[in-house]
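*Asks:* Residue numbers (the numbering used here), protein chains in the order written: chain A, 1 to 428; chain B, 429 to 653.
No lab work stands behind these hints: they were computed from the structure.
Careful, some of the hints might be misleading.
Distance condition first, Cα-Cα at most 30 Å in a straight line; then the derived BS3-like pairs of lysine-lysine [claimed, not checked]:
| no. | chain 1 | residue 1 | chain 2 | residue 2 |
| --- | --- | --- | --- | --- |
| 1 | B | LYS518 | B | LYS576 |
| 2 | A | LYS333 | B | LYS576 |
| 3 | A | LYS333 | B | LYS558 |
| 4 | A | LYS259 | B | LYS576 |
| 5 | B | LYS521 | B | LYS576 |
| 6 | B | LYS607 | A | LYS333 |
| 7 | A | LYS226 | B | LYS530 |
| 8 | B | LYS607 | B | LYS530 |
| 9 | B | LYS518 | A | LYS259 |
| 10 | B | LYS630 | B | LYS576 |
| 11 | B | LYS577 | A | LYS259 |
| 12 | B | LYS530 | B | LYS576 |
| 13 | B | LYS446 | B | LYS577 |
| 14 | B | LYS576 | B | LYS607 |
| 15 | B | LYS577 | B | LYS530 |
| 16 | A | LYS259 | B | LYS558 |
| 17 | A | LYS259 | B | LYS637 |
| 18 | B | LYS518 | B | LYS558 |
| 19 | B | LYS446 | A | LYS226 |
| 20 | B | LYS446 | B | LYS630 |
Covered, in the sense of this in silico footprint (three residues per stretch, anywhere, with C-beta under 8 Å from a C-beta of chain B), are these stretches of chain A [stated by the list, open to error]:
| no. | stretch |
| --- | --- |
| 21 | 14–26 |
| 22 | 177–185 |
| 23 | 196–204 |
Far from chain A by the CB rule (all over 12 Å, computed), these chain B residues [unchecked claim]:
| no. | residue |
| --- | --- |
| 24 | GLU450 |
| 25 | VAL486 |
| 26 | GLY497 |
| 27 | ASP525 |
| 28 | ALA533 |
| 29 | LYS558 |
| 30 | ASP565 |
| 31 | THR572 |
| 32 | ARG651 |
| 33 | ALA652 |
Cβ atoms here follow ideal geometry from the backbone N, Cα and C, with glycine treated the same way.
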Amino acid sequence: MVLWWNTAGALDRQVEAAIRADATALQERRRAGDIAALVAAVEDRLAVDVQNEALYLLLTAEGRRLAGNLSTWPTEANAESPWIRIPLQRDGAVSEARLLRVDLGDGHRLLVGRDVAEKLRLRGLLSEGIAWAASASAALAVLGAWLLRRALENRLRPIYRTAAAIGTGDLTRRVPLSERGDEFDKLGATMNAMLDRIAQLMEGVRGVSDAIAHDLRTPIARARAKLEEALVSAQDEEALRAAVEQGIADLDGIARVFKAVLRIAEVEAGARRAAFAPIDLAPVLTDMAELYGASAEAQDQHLEAELDETLPLVGDRDLLAQAVVNLLDNALKFTPEGGTVRLAAHRLDDVLEIAVADDGPGMPPADRQRAGERFFRADSARTTPGSGLGLSLVRAVATLHGGEVALSDTHPGAERPGLTVTLRLPAS
Amino acid sequence: MRILLVEDDAEVARFVRKGLMEAGHTVEHAVNGRDGLFMAASEQFDVLVLDRMLPGGVDGVRLVETLRGQGNRTPVLFLSALNAVDERVKGLKAGGDDYLTKPFAFAELLARVEALGRRPAAEVPTTRLKVADLELDLLSRTVTRGGKKIDVQPREFRLLEHLMRHAGQVVTRTMLLEKVWDYHFDPQTNVIDVHVSRLRHKLDKGFEKPLIHTVRNAGYMIRAD
Chain A
1 MVLWWNTAGA LDRQVEAAIR ADATALQERR RAGDIAALVA AVEDRLAVDV QNEALYLLLT
61 AEGRRLAGNL STWPTEANAE SPWIRIPLQR DGAVSEARLL RVDLGDGHRL LVGRDVAEKL
121 RLRGLLSEGI AWAASASAAL AVLGAWLLRR ALENRLRPIY RTAAAIGTGD LTRRVPLSER
181 GDEFDKLGAT MNAMLDRIAQ LMEGVRGVSD AIAHDLRTPI ARARAKLEEA LVSAQDEEAL
241 RAAVEQGIAD LDGIARVFKA VLRIAEVEAG ARRAAFAPID LAPVLTDMAE LYGASAEAQD
301 QHLEAELDET LPLVGDRDLL AQAVVNLLDN ALKFTPEGGT VRLAAHRLDD VLEIAVADDG
361 PGMPPADRQR AGERFFRADS ARTTPGSGLG LSLVRAVATL HGGEVALSDT HPGAERPGLT
421 VTLRLPAS
Chain B
429 MRILLVEDDA EVARFVRKGL MEAGHTVEHA VNGRDGLFMA ASEQFDVLVL DRMLPGGVDG
489 VRLVETLRGQ GNRTPVLFLS ALNAVDERVK GLKAGGDDYL TKPFAFAELL ARVEALGRRP
549 AAEVPTTRLK VADLELDLLS RTVTRGGKKI DVQPREFRLL EHLMRHAGQV VTRTMLLEKV
609 WDYHFDPQTN VIDVHVSRLR HKLDKGFEKP LIHTVRNAGY MIRAD
C-alpha cells in the first residue's frame with residue numbers, strides 16, 4: 001500500500017501540481033496584461049507542447065471560444081469543485097483528462113488540464129508490477145518459512161526425542177550434539193548437564209533407599225523380634241514391661257536414624273538456605289566445646305579448644321553447630337581414656353578452617369574415601385555404637401556452605417595416628 | 429489446664445488426649461482446622477496443641493495466624509510430621525511458641541505443654557527463685573543452699589535458673605538444649621545429662637535431700653520434696 005501510494009499517488013499529485021502551477025502562471029499573465037496576452041500565452045503553450053498532453057479552453061463570458069484545444073465546455077466543469085475528471089475523445093482514442101477551472105474574475109472562463117492517458121497507463125503498469133512483486137515476495141516468504149521450519153525441526157528433533165525418551169523413563173539418553181557449537185548445541189549441552197545432575201540425584205536417592213532398606217530394616221527386625229519374644233514367653237508383667245520399654249527405645253533409635261537421613265537429604269538438596277545469615281562461628285564453637293567439655297571430662301578425656309577471636313561467615317548456625325557436634329561426638333568416641341581431642345578454628349585469608357583432631361586409632365586411607373557415604377562404617381568401628389551418618393551430615397553441611405571436608409592423620413607415622421577432620425568453609 | 433487439641437489423626441489424638449487427661453488436664457478435641465479455629469476463638473484455653481497439617485482448608489499455620497491477628501495470645505505448640513527445620517521456623521514465625529516433630533515421646537509433649545501453659549508466671553520479673561532451701565539470686569547471680577554459697581559456672585547458673593523457673597515440671601533434654609544453650613538440634617548423646625549431673629553433684633553435696641530428680645524416659649525436674 002505504501003509503495004502504491006508513493007508511486008501511483010505521486011503521479012497524480014505530480015499532474016495536479018503541474019496544472020496548478022500552469023493555472024497560476026496564466027492567472028498572473030491575465031492580471032499583468034489584457035485578454036489578448038492570455039490568448040497568446042495559451043497558444044504559445046499549445047505550440048510548444050510536444051507530448052500533446054496539455055489541454056486548455058478559454059471562453060468569453062458569452063461562451064465564445066478564444067483559445068484552447070478543447071472543443072466544448074464540459075458540463076462537469078460547472079460543478080462546485082474546481083477539479084474535474086472527464087473522458088476525452090482524441091485522435092480516435094479514448095483518453096482521460098484532468099482539468100482545473102480557473103476563474104479569471106472578468107467573466108472569462110478558463111480550463112487548464114492535462115491528458116492523463118499516459119499517466120494512467122504508467123499507473124496501471126506500476127500497480128501490476130507491485131501486485132506481482134507482492135505475490136512473489138509472499139510466495140518466497142511462505143517458502144522461506146517452510147524451509148526454516150523444516151531446518152528448525154531437524155535441529156530440534158534430537159532434543160525433543162531425547163526429552164520424550166526421558167519422559168518415558170529412559171534416563172540414560174542424552175541429546176546428540178553437532179560440531180557446530182551453535183545455539184542448538186548450547187541448548188543440548190545444557191539439557192545434558194541437567195540430565196547428568198538428575199541422574200546423579202536419582203543415583204543418590206537409590207543409594208539412600210538401599211541404605212535405608214538395609215540399615216533400618218535390621219533394627220526394625222530386631223525390635224520386632226524382641227517384642228514378639230516377650231509377647232510369647234514373658235514370665236511376668238515386669239519382663240513384659242521391660243520388653244515394651246526396650247521396644248520403644250529401639251523405635252526411638254530408628255526414628256532418630258530416619259530423621260538424620262532426611263536431614264542429610266534436605267541439606268544435600270540445598271533446600272535449607274532459608275536460615276542462612278551472617279554469623280560469628282567463634283561463640284558457636286565455644287558453646288560446643290563447653291557443651292562437650294563436660295562429657296569429655298566425665299570420660300577422663302581432655303577437650304582443648306583453640307579458636308580465633310572471631311570467625312565470620314554466612315551460614316546456618318544450627319546446622320554448623322550440629323556438624324561440629326557430630327565431629328566432637330566421633331572424636332570423643334574413638335579417643336581412649338586420658339586422650340585429648342582438639343577443636344581448632346582459624347581464619348586463613350578467606351577460608352575458615354575448623355579442625356577436630358583425636359588420639360584414636362585413626363582411619364586407613366582406603367576407608368577415608370568412603371567415610372562420609374551414608375551408613376558407611378569402617379570395620380574397625382563396627383563395635384562402637386553409631387549409625388554411620390555423622391560424617392555424611394558434616395559433608396553435606398560443608399557442601400551447602402560451599403566448603404569441603406578433609407580427613408588426615410593427627411600424628412602421621414605414629415602407631416596410633418589418630419584422625420583429624422578439617423572443615424574448610426568460605427569466610428565472609 | 430484447659431487444652432485444645434487440633435489433630436486429624438484419630439490414633440495420635442486418642443493417645444495425646446488420654447495422656448494429657450491422665451496428667452490432670454481438661455482436653456477439647458477438634459479434627460479439622462476450621463472447627464479448631466472456631467473453638468480456639470470462642471473459648472478460653474491455656475494451651476493449643478495443633479497439628480501442622482490439617483484438613484478442611486485451614487492448616488495449623490493459618491489457624492495461628494488468624495488467632496494472632498485477632499489478638500489471641502494463647503500459647504501454641506505445633507505437632508508436625510514435617511522434619512524440615514525451615515518448617516519449624518515457619519511455624520514459629522506464624523506465631524507458634526513451640527514445635528515438636530512426630531514421632532515424639534509423650535513425656536516430651538507433656539513437658540512442653542506444661543511449660544507453655546505456665547509460661548506467663550516466668551515472664552513476671554523476679555529477682556529471686558526459691559525451691560526448698562535452694563535459693564537463686566538473679567541480680568547477684570549467686571546460688572545458696574541452706575545459707576551456704578555454692579559456686580556454679582555461668583552455664584550451670586542458667587541451667588539451674590531454667591529448672592527452677594519450671595520447678596515441679598518436667599524439663600526434657602531437648603528443651604534444655606533449646607532454652608539454656610539456644611541450639612535446635614537433636615542431642616544424640618548424653619551431653620545434657622553430664623551437665624545436669626555435674627550441677628546436681630554441686631547442689632546436693634553435703635545435703636541429704638536431692639533436689640534435681642531424673643524423670644525416667646522424660647527428663648529432669650527440680651522440686652522440694
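*Asks:* Which of the numbered hints are not met once you compare them with the structure shown?
*Replies:* 1, 2, 3, 4, 5, 11, 12, 13, 15, 16, 17, 18, 20, 21, 22, 23 and 28
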